[in-house]
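Visitor: Sequence:
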Amino acid sequence: LIEEDQITRATSSGSSELSIASPSGKQLLQVVVEISPGGSKSIAICSPGCEDDPRAVVSNDPSGGDLKIMGKGGSFYGVLRPSYAGGSWSVYVRDNVVLTVERGGQFPSSLLNTDLKFKAISPDGTEIATAGIESSMSGNLWKLQ
Numbered sequence: 040l041i042e043e044d045q046i047t048r049a050t051s052s053g054s055s056e057l058s059i060a061s062p063s064g065k066q067l068l069q070v071v072v073e074i075s076p077g078g079s080k081s082i083a084i085c086s087p088g089c090e091d092d093p094r095a096v097v098s099n100d101p102s103g104g105d106l107k108i109m110g111k112g113g114s115f116y117g118v119l120r121p122s123y124a125g126g127s128w129s130v131y132v133r134d135n136v137v138l139t140v141e142r143g144g145q146f147p148s149s150l151l152n153t154d155l156k157f158k159a160i161s162p163d164g165t166e167i168a169t170a171g172i173e174s175s176m177s178g179n180l181w182k183l184q
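Position one of the sequence shown corresponds to residue 40 (this note's numbering), numbered consecutively onward.
By construction, these hints were calculated from the structure, which means they are not laboratory data. Predicted model only: the values in this text are computed from it and were never measured. Glycine included, every Cβ here is placed at the ideal spot set by N, Cα and C. Among the hints, a few may not be true.
[What the hints assert, rightly or not] Cβ pair distances, simulated, as ranges:
# : residue 1 : residue 2 : range
1 : G64       : S102      : 32 to 42 Å
2 : S86       : I167      : 20 to 30 Å
3 : S102      : G125      : 16 to 26 Å
4 : P76       : N135      : 17 to 27 Å
5 : F115      : T139      : 12 to 22 Å
6 : G88       : S122      : 34 to 44 Å
7 : K65       : G103      : 36 to 46 Å
[Unchecked claim] Pairs of lysine-lysine residues, derived as DSS-like cross-links and limited to a Cα-Cα distance of at most 30 Å, are as follows:
#  : residue 1 : residue 2
8  : K80       : K107
9  : K156      : K111
10 : K65       : K80
11 : K80       : K156
12 : K158      : K182
13 : K111      : K182
14 : K156      : K182
15 : K111      : K80
16 : K182      : K80
17 : K158      : K80
18 : K182      : K107
19 : K65       : K182
20 : K107      : K158
Using the sequences plus the hints, can you model the full thing?
Guide: This is the structure:
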């Protein structure tokens with residue numbers, strides 16, 4: 040779960056940190072979002088307290104194109120490439136698709152919209168994860184499962 044206000048802060052220029060927590064509130068992962076004035080963007084996914092050694096980093100080239108995915112220790116893993124038809128992205132490792140992310144609903148001008156849903160699909164078509172905004176007693180949360 041990610042609190043809605045954390046997502047709002049992460050969409051502006053600069054550096055932001057988000058916590059991914061279990062439903063019980065235990066922090067599972069730390070996400071560091073960097074947005075530079077020149078257009079470079081990166082997302083680092085880290086174990087709590089290990090921000091200096093992220094598990095993965097996804098970054099763009101400001102001129103456009105694929106997003107680069109780096110693994111632990113800064114080793115190249117693959118690329119995240121948008122589909123030509125729109126609405127989905129595929130992770131390529133050595134020119135093979137290993138994961139596809141599909142967007143559900145209409146893509147909003149804001150990240151915070153109840154229609155903003157995603158699902159991750161394996162190459163054999165199995166749905167392996169979903170994400171979307173959910174309302175709770177403590178406010179809106181982006182739920183990953």
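Visitor: A separate judgement is required for each hint: does it hold in the structure or not?
Guide: Now for the hints, and whether the structure bears them out:
With their beta carbons about 41 Å apart, G64 and S102 fall inside the hinted range of 32 to 42 Å. Range check, S86 to I167: about 21 Å between beta-carbon atoms, so the 20 to 30 Å window is met. Range check, S102 to G125: about 20 Å between beta-carbon atoms, so the 16 to 26 Å window is met. Take P76 and N135: their Cβ atoms lie about 36 Å apart, and the range 17 to 27 Å is violated.
Take F115 and T139: their Cβ atoms lie about 20 Å apart, and the range 12 to 22 Å holds. Between G88 and S122 the C-beta distance comes to about 37 Å, which sits within the given range of 34 to 44 Å. In this structure, K65 and G103 meet the distance hint of 36 to 46 Å, their C-beta atoms being roughly 38 Å apart. With a CA separation close to 11 Å, the supplied pair K80 and K107 stays within the 30 Å bound.
At most 30 Å may separate the alpha-carbon atoms for a hinted pair to count; K156 and K111 meet this at roughly 28 Å. Proximity of K65 to K80 is assessed by CA-CA distance (about 27 Å); at most 30 Å being required, the pair is judged to hold. Between the alpha carbons of K80 and K156 the distance comes to roughly 22 Å, so the proposed pair stays at or under 30 Å and holds. Proximity of K158 to K182 is assessed by CA-CA distance (about 12 Å); at most 30 Å being required, the pair is judged to hold.
Between K111 and K182 the CA atoms are separated by roughly 25 Å; this keeps the pair inside 30 Å, and the hint holds. Annotation: proposed proximity of K156 to K182 holds, straight-line Cα distance about 10 Å (limit 30 Å). Simply put, K111 and K80 have alpha-carbon atoms about 18 Å apart, close enough for the 30 Å limit, and the pair holds. Between the alpha carbons of K182 and K80 the distance comes to roughly 23 Å, so the proposed pair stays at or under 30 Å and holds.
Of the supplied pair hints, the one linking K158 and K80 holds, its CA atoms being roughly 22 Å apart against a limit of 30 Å. Restraint check: the Cα-Cα separation between K182 and K107 comes to about 25 Å, which is no more than 30 Å; the hinted pair holds. Restraint check for K65 and K182: the C-alpha separation of about 14 Å stays at or below 30 Å, so the hint holds. Taking the CA atoms of K107 and K158, the gap is about 20 Å. The hint holds against a cut of 30 Å.
Comparing the model with each numbered hint stated earlier shows that hint 4 is the single one that does not hold.
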